[in-house]
Amino acid sequence: MSSNYKKNTLGSAAKTLIMLVLATGSSIAMSYLGVGKESIIMVFLLGVLFSSVLTGSYFWGILNSILSLMAFNFLFTVPIYTFHIYSSNDIILLMFFLITAVVSGTVTSKLQQQIEISLKNENTAKILHQISSGFLPVSGQKSIMHQGISFIKDYTGFDSIIELENKEIYNAYDVLPTGNHLSFEIKSGTVKLGNLLVYNKNQAFDEQIELIIQAVSTQLGIALDRESLYIEREKIRVAMEKEHLRSTLLRSVAHDLRSPLTALSGAANLLADNYETLTFDERKTLVLGMSEEITWLTGLVENILNMTRINDSQLLIHKEFEVIDDVVSEAVSHISRLLNDRNLIVELPKQVIMVPVDGKLIVQVLINLLENAIRHTTSQSKISLEIKEERDFLKIIVADTGEGIAENIKENLFDKFVTLERNVTDGKKGIGLGLAICKAIVEAHGGEIFTESNVPKGSRFIFTLPLEG
Amino acid sequence: MENKSKILIIEDDKYISNFIAVSLEKQGYEVLVADSAACGLFMFSSHHPDLILLDLGLEDRDGLEIISELREFSDIPILVVSARGHEKEKIQALDLGANDYITKPFHMGELMARIRVSERALSKTNSPTENIYTCDYLTVDYEKRRILIDDVEVHLTPIEYKLLLLLISNQGKVLTHSYILKHVWGYTSTDDAKSVRVYMANLRRKIEKDTARPRFILTEVGVGYRFADE
Numbered sequence: 034m035s036s037n038y039k040k041n042t043l044g045s046a047a048k049t050l051i052m053l054v055l056a057t058g059s060s061i062a063m064s065y066l067g068v069g070k071e072s073i074i075m076v077f078l079l080g081v082l083f084s085s086v087l088t089g090s091y092f093w094g095i096l097n098s099i100l101s102l103m104a105f106n107f108l109f110t111v112p113i114y115t116f117h118i119y120s121s122n123d124i125i126l127l128m129f130f131l132i133t134a135v136v137s138g139t140v141t142s143k144l145q146q147q148i149e150i151s152l153k154n155e156n157t158a159k160i161l162h163q164i165s166s167g168f169l170p171v172s173g174q175k176s177i178m179h180q181g182i183s184f185i186k187d188y189t190g191f192d193s194i195i196e197l198e199n200k201e202i203y204n205a206y207d208v209l210p211t212g213n214h215l216s217f218e219i220k221s222g223t224v225k226l227g228n229l230l231v232y233n234k235n236q237a238f239d240e241q242i243e244l245i246i247q248a249v250s251t252q253l254g255i256a257l258d259r260e261s262l263y264i265e266r267e268k269i270r271v272a273m274e275k276e277h278l279r280s281t282l283l284r285s286v287a288h289d290l291r292s293p294l295t296a297l298s299g300a301a302n303l304l305a306d307n308y309e310t311l312t313f314d315e316r317k318t319l320v321l322g323m324s325e326e327i328t329w330l331t332g333l334v335e336n337i338l339n340m341t342r343i344n345d346s347q348l349l350i351h352k353e354f355e356v357i358d359d360v361v362s363e364a365v366s367h368i369s370r371l372l373n374d375r376n377l378i379v380e381l382p383k384q385v386i387m388v389p390v391d392g393k394l395i396v397q398v399l400i401n402l403l404e405n406a407i408r409h410t411t412s413q414s415k416i417s418l419e420i421k422e423e424r425d426f427l428k429i430i431v432a433d434t435g436e437g438i439a440e441n442i443k444e445n446l447f448d449k450f451v452t453l454e455r456n457v458t459d460g461k462k463g464i465g466l467g468l469a470i471c472k473a474i475v476e477a478h479g480g481e482i483f484t485e486s487n488v489p490k491g492s493r494f495i496f497t498l499p500l501e502g
Numbered sequence: 371m372e373n374k375s376k377i378l379i380i381e382d383d384k385y386i387s388n389f390i391a392v393s394l395e396k397q398g399y400e401v402l403v404a405d406s407a408a409c410g411l412f413m414f415s416s417h418h419p420d421l422i423l424l425d426l427g428l429e430d431r432d433g434l435e436i437i438s439e440l441r442e443f444s445d446i447p448i449l450v451v452s453a454r455g456h457e458k459e460k461i462q463a464l465d466l467g468a469n470d471y472i473t474k475p476f477h478m479g480e481l482m483a484r485i486r487v488s489e490r491a492l493s494k495t496n497s498p499t500e501n502i503y504t505c506d507y508l509t510v511d512y513e514k515r516r517i518l519i520d521d522v523e524v525h526l527t528p529i530e531y532k533l534l535l536l537l538i539s540n541q542g543k544v545l546t547h548s549y550i551l552k553h554v555w556g557y558t559s560t561d562d563a564k565s566v567r568v569y570m571a572n573l574r575r576k577i578e579k580d581t582a583r584p585r586f587i588l589t590e591v592g593v594g595y596r597f598a599d600e
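Protein chains in written order, with the working numbering: chain A, 34 to 502; chain B, 371 to 600.
Please keep in mind that the hints were generated in silico from the structure rather than gathered at the bench.
Because the structure is a prediction, the values reported are computed rather than measured.
Any given hint might turn out to be false.
Ranges between beta-carbon positions, derived for each pair [what the hints assert, rightly or not]: (1) Tyr308/A / Pro475/B: 20 to 28 Å; (2) Ser406/B / Lys352/A: 33 to 41 Å; (3) Phe389/B / Lys490/A: 40 to 48 Å; (4) Asn199/A / Ser406/B: 41 to 49 Å; (5) Pro499/A / Ser416/B: 54 to 62 Å; (6) Leu536/B / Glu423/A: 32 to 40 Å; (7) His288/A / Pro475/B: 18 to 26 Å; (8) Glu265/A / Arg441/B: 33 to 41 Å; (9) Arg279/A / Asp432/B: 29 to 37 Å; (10) Cys409/B / Gly437/A: 56 to 64 Å; (11) Arg441/B / Lys352/A: 52 to 60 Å; (12) Glu267/A / Ser406/B: 45 to 53 Å; (13) His418/B / His277/A: 31 to 39 Å; (14) Pro475/B / Asp448/A: 54 to 62 Å.
We treat Cβ as the ideally placed atom computed from N, Cα and C, and that holds for glycine.
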């Protein structure tokens, strides 16, 4: 910076010198032409004015006037080529010249400075406007801070970082700037949000720069405050949604638990109170009924647990490379008790296919889809499970020959709590979580799930799993 | 009736321990019930049971700790009862030396089957190994290193043969991926469970008639493999 200053001084000195030389040269030329020295001195005056204007500082104007005075004295007053003056006329001329030159030089350079200041002010006003409007379209804490730092860099040339109240430091550059810094508070209302640290390289800030930095830190405070309000509001919205979901889940579960529990306690009481009077067959029927009811309850609890896992956060999946056969055979063995007379055909690929999945969760998807197929078919029907290897994903198709998917629930089939209103023949209505869980699990694996109509009747549930982890 | 084993149940839920105790007594077993880890360890040293049924979710101590403590001085078969979804816990229990696990909620029949397997494993250690193993349509001739499916010979690679022998000698018991790695490949590395899966899938293709409903090699997803015993 000091070299810059030196350069400036040198430039001004050169300008002044040139003006002086030009004035001297042209006055010599004019004196040859016989122009009187009263007119010639005007040329020097002009030179002083020019040097004031060009250098923008009256120091150079005054210097030039003194030098001009000496040059004029040397060249044009009697005795010529000396610094002596004989004529009192000349002394008065020179004195007036000096006064006029100094006054006009000073006034000119003052004017010059005024213009510059107002230009600068205008510029600052523009910058301030740009800063205040520049934060408006920016959202996200990081982007806001980035914007603030780049404003400082663009308009003042200084590096800066932001230190938030929680000691988090935001730095827009690869390396942390070093050296001295000045700290400006970032506030919102009366709450301090953090500090804006500007690395000043040992320089004092002028008014403009100080103003800009103040403006940036004020705007940062406003923008960050706006952002945190927005985040807060989002959080509340998500929490409300979750709460709503949870209460819906609870209501639905409580409702679905009531009927099997009634049946269970009825049967158990009957057995306890009338054990002796019931026939063997009657007892057996009651107990079998209880056992069936309990199996259903167990499955329900399993799905609810999975659902809460999904609701609580992004589903935690632990992927490992599994051979798809393993997953399929576990699911098939799990549902084989429910099949009754239904004919389940499983088609596995010829080769060994490894797929990165959370085995337990994919087993759950298959179980849910197969149970769904069983629930919507009568005994003796055909259900098929087919695995196909496509180029970079695995396609798993569960097809049934039931009555197909009702038009009214087709659209939101994979949403929570969607079931057929109509009573299913065996009374085991689903709770409407199974398919929602399937969707959540499959999507967490980066796959898709959808349905098609089966030919000639029934429906096909298809999901894909990417083969690359 | 032959002399049935003495079984120690360590379980803090009274309803569960009660119904297990009743069912086991009905089968002729002698049953001891402990409702805490401390009580269980005491009963183990005072009554010398033949088998322990251990719930991992005890209140006073971690079930896994009990397994490693027991294993320091005893080879008693330990059957672990754990909640569903706790695969890691199961693997840890098995690797610490538990013989088998069963997942809550379970069927009584399943529990009985596991207990029988553990008993048989106990008695088998004493009987001399036979030269030929036969189960359903599978025949293994140890001496000639031949595998027959419905009396037709199938060719197994050396590793597949080793896998099969390991499975057969641990019939009914769940073998974790790392256990299999250690015994067939001779080292353990958790990243290599992938190759166990591939070899197992290939072996299954050679000896199973329907790979979707395997007769012999059953998968416990997330844990390991079990060779069906009956």
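Status of the hints after comparison with the structure:
1. Tyr308/A / Pro475/B: 20 to 28 Å: With Cβ atoms ~25 Å apart, the hint holds.
2. Ser406/B / Lys352/A: 33 to 41 Å: holds (38 Å)
3. Phe389/B / Lys490/A: 40 to 48 Å: holds (45 Å)
4. Asn199/A / Ser406/B: 41 to 49 Å: About 45 Å separates the Cβ atoms of Asn199/A and Ser406/B, which means 41 to 49 Å holds.
5. Pro499/A / Ser416/B: 54 to 62 Å: holds (57 Å)
6. Leu536/B / Glu423/A: 32 to 40 Å: holds (35 Å)
7. His288/A / Pro475/B: 18 to 26 Å: About 22 Å separates the Cβ atoms of His288/A and Pro475/B, which means 18 to 26 Å holds.
8. Glu265/A / Arg441/B: 33 to 41 Å: violated (54 Å)
9. Arg279/A / Asp432/B: 29 to 37 Å: Holds: the Cβ-Cβ distance is about 31 Å, inside 29 to 37 Å.
10. Cys409/B / Gly437/A: 56 to 64 Å: With a Cβ separation near 58 Å, Cys409/B and Gly437/A satisfy 56 to 64 Å, so the hint holds.
11. Arg441/B / Lys352/A: 52 to 60 Å: violated (32 Å)
12. Glu267/A / Ser406/B: 45 to 53 Å: Because 48 Å falls inside the window, the suggested range holds.
13. His418/B / His277/A: 31 to 39 Å: violated (58 Å)
14. Pro475/B / Asp448/A: 54 to 62 Å: Check failed, 29 Å falls outside 54 to 62 Å.
In the structure shown, a violation is registered for the earlier hints numbered 8, 11, 13, 14, in ascending order.
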